[in-house]
Each structure stands twice: as structure tokens, then as C-alpha cells.
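For reference, the chains in residue letters:
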Amino acid sequence: MMNHIDISSVLRQTLACDLYSNLVTRTTGAAVRGQIEDLLDRSNERALTVIDFSHVSMIDFSCADEVVAKLLMRYAAPDPPLEAYFLFRGVTEDHRDAIEAVLERHGLALALEQDDGIELVGVLDDEERRAWDVAYRLGPIAAAEISRQLSADEGDVRATLDLLCKKRLVMEIEGDYVAVGSHRG
Amino acid sequence: MTHVITVPPSLDDHSFEQVLDQVAPLPPDAKLVVDARHTRWASPYGLTALLTLAQTRAERPALAVPEMDETLSYWSRTAFFLHAESVYDLHGSYPKHKESAASNVLLEITPIAKSDDVHSVVGRVQERAQAIIKNELKLESKAIIGFAMTLSEVCQNIIEHAGRGGWVAVQSYRWTKRLGRRVVVIAVCDAGLGFRQSLESMPGHLPTARWDDAAALEEAVIRGVSRFRDRSRGQGLAGARNYVGRWNGKLSARSGTARISIVPSWDDDVPLAEGLAPFPGAQVQVIIPEAVSGTAGGSAER
Numbered sequence: 001m002m003n004h005i006d007i008s009s010v011l012r013q014t015l016a017c018d019l020y021s022n023l024v025t026r027t028t029g030a031a032v033r034g035q036i037e038d039l040l041d042r043s044n045e046r047a048l049t050v051i052d053f054s055h056v057s058m059i060d061f062s063c064a065d066e067v068v069a070k071l072l073m074r075y076a077a078p079d080p081p082l083e084a085y086f087l088f089r090g091v092t093e094d095h096r097d098a099i100e101a102v103l104e105r106h107g108l109a110l111a112l113e114q115d116d117g118i119e120l121v122g123v124l125d126d127e128e129r130r131a132w133d134v135a136y137r138l139g140p141i142a143a144a145e146i147s148r149q150l151s152a153d154e155g156d157v158r159a160t161l162d163l164l165c166k167k168r169l170v171m172e173i174e175g176d177y178v179a180v181g182s183h184r185g
Numbered sequence: 186m187t188h189v190i191t192v193p194p195s196l197d198d199h200s201f202e203q204v205l206d207q208v209a210p211l212p213p214d215a216k217l218v219v220d221a222r223h224t225r226w227a228s229p230y231g232l233t234a235l236l237t238l239a240q241t242r243a244e245r246p247a248l249a250v251p252e253m254d255e256t257l258s259y260w261s262r263t264a265f266f267l268h269a270e271s272v273y274d275l276h277g278s279y280p281k282h283k284e285s286a287a288s289n290v291l292l293e294i295t296p297i298a299k300s301d302d303v304h305s306v307v308g309r310v311q312e313r314a315q316a317i318i319k320n321e322l323k324l325e326s327k328a329i330i331g332f333a334m335t336l337s338e339v340c341q342n343i344i345e346h347a348g349r350g351g352w353v354a355v356q357s358y359r360w361t362k363r364l365g366r367r368v369v370v371i372a373v374c375d376a377g378l379g380f381r382q383s384l385e386s387m388p389g390h391l392p393t394a395r396w397d398d399a400a401a402l403e404e405a406v407i408r409g410v411s412r413f414r415d416r417s418r419g420q421g422l423a424g425a426r427n428y429v430g431r432w433n434g435k436l437s438a439r440s441g442t443a444r445i446s447i448v449p450s451w452d453d454d455v456p457l458a459e460g461l462a463p464f465p466g467a468q469v470q471v472i473i474p475e476a477v478s479g480t481a482g483g484s485a486e487r
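From first to last, the protein sequence lines are chains A and B. Per this note's numbering, residue 1 is the first one in the first sequence, and the count goes up by one each step. Per this note's numbering, residue 186 is the first one in the second sequence, and the count goes up by one each step.
Hints listed in this document are in silico derivations from the structure and should not be mistaken for laboratory results. Any given hint could turn out to be false.
[To be verified] Below, in silico cross-link-like pairs of lysine-lysine (DSS-like), each with a Cα-Cα straight-line distance of 30 Å or less:
| no. | chain 1 | residue 1 | chain 2 | residue 2 |
| --- | --- | --- | --- | --- |
| 1 | B | K281 | B | K327 |
| 2 | A | K70 | B | K327 |
| 3 | B | K319 | B | K283 |
| 4 | B | K281 | B | K323 |
| 5 | B | K299 | B | K281 |
| 6 | B | K299 | A | K70 |
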């Protein structure tokens with residue numbers, strides 16, 4: 001299942017007036033995240049959700065913490081309400097400082113859609129980035145094939161893929177691995 | 186008995202201490218006349234701090250307005266008198282407030298009490314800040330968004346921690362005396378809980394052997410500690426600190442009896458001032474200077 005959430009639309013529903021396109025304040029961020037969670041929690045199947053910042057002018061640190069970090073943490077928790085994956089769209093240089101700061105603070109990472117493909121942003125080690133890159137280019141792909149591509153121990157690669165799955169950056173589908181965003185809608 | 190508090194001719198974050206030194210020995214219910222007749226200039230910090238001073242008094246104080254027409258006109262354009270009418274008995278004549286297109290007043294003095302106020306402030310400042318930061322301060326366009334983010338975060342400090350409303354003002358001017366360059370200045374003042382009391386309300390807070398206003402400011406501004414157990418809190422001031430560092434600006438926060446500053450090379454302020462006259466709440470100032478040719482945010486020049 002695939003969802004598309006336009007953050008500016010959610011913002012307008014959250015604020016008393018629709019004059020502003022800025023994602024600022026922790027209160028606003030918590031309200032926006034609450035609406036996103038309501039939308040997601042109506043489903044009980046695995047879902048990829050595009051979080052679209054295209055019409056958001058700016059986001060501050062507090063709001064990024066609520067909208068991005070806490071959203072990722074909820075669904076990357078050991079017992080999440082739903083198997084949810086996120087692809088962030090429309091994130092510009094104007095948004096990145098705040099988003100990268102909160103990812104760093106919480107040790108999180110996310111998949112960002114760019115014109116020329118998907119970029120991983122946030123805290124990931126080299127093994128995770130390499131494994132993700134193979135899954136992105138060649139997926140759906142088995143762990144054994146990823147380890148062959150990387151000339152790495154298969155057990156180590158499986159452990160890395162487990163971490164990527166927990167971080168919701170890779171999906172495991174019938175034993176194969178697919179990077180979030182590799183088949184975009 | 187009425188006590189006359191003399192406002193210095195030039196009122197900024199440093200000279201405001203002279204005002205507080207006069208007020209500190211007086212009981213909270215002492216009747217004050219704040220005499221600004223001979224004041225010729227005030228920074229956004231000076232003006233918002235004057236409003237905040239009135240909020241700290243049990244007895245509504247009086248304010249003798251400046252005598253110089255130019256000063257009156259400027260203070261009026263910043264909306265100072267509009268708000269001063271609600272906290273002071275004003276003595277002397279002053280122009281009524283009019284919406285101004287004055288380019289140096291990016292944001293008139295504006296009350297901040299709730300989240301919506303921050304949306305309004307950021308929305309109003311963005312367009313004008315864009316022109317001034319790019320054309321007058323000659324900073325990269327990336328500095329514009331960071332400025333709005335910083336403004337948002339320092340305003341939220343009031344909502345999250347003060348326990349009562351405060352004031353914000355943003356202005357741009359040529360800072361001849363100390364820098365000889367243009368600056369954009371954000372001033373955010375409140376008479377609320379202050380940093381120390383806010384941190385003391387943190388669950389399980391254990392004061393260190395040296396726990397005072399200075400220690401609380403260090404915790405909040407330098408180490409990003411917040412009263413909330415949630416480790417994601419405390420990012421706002423940390424973000425503001427990073428922003429001023431990147432653009433060679435200055436951040437200072439005063440609370441209680443101390444002031445902490447992130448001091449750039451162009452300024453000679455002390456990083457930590459202790460033993461100041463007590464003043465409730467928190468008073469934050471951010472200064473972003475015009476770039477010097479060949480640098481992102483300027484280099485040493487005094």
C-alpha cells in the first residue's frame with residue numbers, strides 16, 4: 001500500500017488560519033505528526049508513505065523533531081503500530097539543516113527522493129550505506145547476492161540488512177531485500 | 186515615595202544594566218518613574234527590556250518618554266508606545282503608532298504568548314529579512330532560512346519555559362559604535378521563570394555544588410539541557426548557537442543575575458557575566474553582522 005501526505009495540506013488543517021506555510025513550533029509539529037499518525041493508523045497493512053515537503057517554506061528544529069524524528073522513532077520502535085516505511089519528497093536546502101540536526105541527535109536516517117534518485121540522509125555507517133546501495137540498485141535481491149556484490153561475509157551482511165530493516169530503510173519481501181524508494185510511485 | 190530610574194542616553198543590552206542597578210535595591214512594590222527623557226537611542230533589546238521591566242513591578246510604573254522628536258518617532262515606529270501604554274503610565278507626548286514601512290524595523294515589538302504568535306512573527310519577518318540579509322548584510326541565501334529558524338526558536342523559548350508572555354523585536358541598523366557595519370538584531374525578552382527556575386522544575390533535578398543562574402545558563406545554552414526529560418528538547422538554543430557561529434554573529438542570554446554570550450571575534454564582551462543585578466525571566470539577543478568582503482559572515486574588525 002502506498003500513501004502520499006502533503007505536509008502543507010496537513011499544516012493548513014492544523015493551524016487556525018491557512019496564511020502560513022512554515023513548519024514552526026513544537027506545538028504545530030506535534031499536531032501535524034498526530035494527523036499523519038491518524039492517517040497511517042487507519043491501515044493495518046505494510047505501507048510506504050511519501051511525506052511531501054514540496055509546499056513547505058521552512059521548518060525549524062523543534063518542528064523537525066516532532067514531524068520527522070518522532071515519526072521515524074514511532075515506526076522504528078521494537079513494537080510499532082504498523083509496518084510503515086517513509087520516503088521524503090520535496091526536501092530542499094532550506095529544510096535540510098533542521099532535518100539533519102534532529103536525525104543526528106537521535107541517530108536516525110531517512111530516504112530522500114531527489115531528481116536523480118534516492119539519497120540516504122542521517123546517521124548510517126559505511127556497511128549500512130553499501131548494503132543499502134546494492135539493494136537500491138539491484139533489488140529485490142537476496143542477502144547472499146548482496147554479500148557477493150560487496151565481497152563481504154554473508155552473516156555480517158544479514159546483520160546489516162536487519163539493522164536497515166529496523167530503521168525502515170529496507171523492506172524484506174519474501175526473503176529478498178528492497179530499498180525504500182527503489183520503485184517509486 | 187517615588188523613585189526615579191534614569192534611562193541612559195543610549196540604551197542597549199549593556200547599558201540596560203544601569204537601569205537594573207538602580208531598580209535592584211528597591212522593593213517590588215516601590216513606585217517607579219522610569220525617566221527616558223534624555224534617551225536618544227535604544228536597541229531592540231533596550232526597548233523590549235524596558236517593557237519587561239514594567240511587567241516585573243507589583244506597582245504599575247510611570248515612564249517619562251524621550252524628549253527628542255527623532256527618538257519619539259523611532260520608538261513609535263517600533264510600536265514601543267503602543268505596548269508601553271499597557272504596562273506603564275506614560276508621561277509626555279508621543280506620536281501615535283502607525284504601521285510603518287521603515288526598512289530597518291523588520292518586526293515591530295510584538296507580544297509572544299502562544300504558538301500562533303510565532304507563526305505570525307516568522308511569516309511577517311521572512312520577506313523583509315530576505316531582502317536585508319541578502320542585499321545589506323551580503324550573506325548567502327542560506328542565512329535567510331537560518332535567521333527565520335533562529336527567530337522561531339528563541340521566541341518558542343518564551344512559550345516553552347517562561348510561563349508568561351514576552352516580547353520580540355527585530356531591527357536592522359548600522360552599528361557604528363562597536364562594529365562599523367550593518368547588523369540585524371533579534372531581541373526576545375520575558376519576565377517569566379528564567380533559566381534556573383525552569384531547569385529546577387526538571388523531574389529529578391539535582392543542583393550541582395555550584396548551582397546558580399550562571400550554571401543554569403551554561404546548561405541551557407552551551408549543553409542544550411532542557412527541563413523536559415525528552416532528550417529531543419533543548420535543540421532550539423543549540424540551533425541558534427550554531428547559526429550565530431556560522432555567520433559570525435553573537436548570541437547572548439541573560440537570566441537572573443548572569444549573562445552568557447557566544448562572543449565573536451569582532452566583539453569584546455565577556456563570555457559569562459555573573460553577579461549582575463537580579464532581573465526575572467530571560468532576555469535573549471542575537472546579532473548577525475554584515476559580511477566583510479571575502480568572508481561568509483565577517484572577520485575581526487573593531
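Going through the hints against the structure:
A C-alpha spacing of about 37 Å is found between K281/B and K327/B, which places the hinted pair above 30 Å, so the restraint is violated. The straight-line distance between the Cα atoms of K70/A and K327/B is roughly 26 Å, inside the 30 Å bound, and the hint therefore holds. For the proposed pair K319/B and K283/B, the alpha carbon gap of about 27 Å is at most 30 Å, so the pair holds. Distance restraint check for K281/B and K323/B: the Cα-Cα separation of roughly 34 Å exceeds the 30 Å cut-off, and the hinted pair is therefore not satisfied.
Between the alpha carbons of K299/B and K281/B the distance comes to roughly 27 Å, so the proposed pair stays at or under 30 Å and holds. A distance of roughly 22 Å separates the Cα atoms of K299/B and K70/A; the hinted pair therefore holds under the 30 Å criterion.
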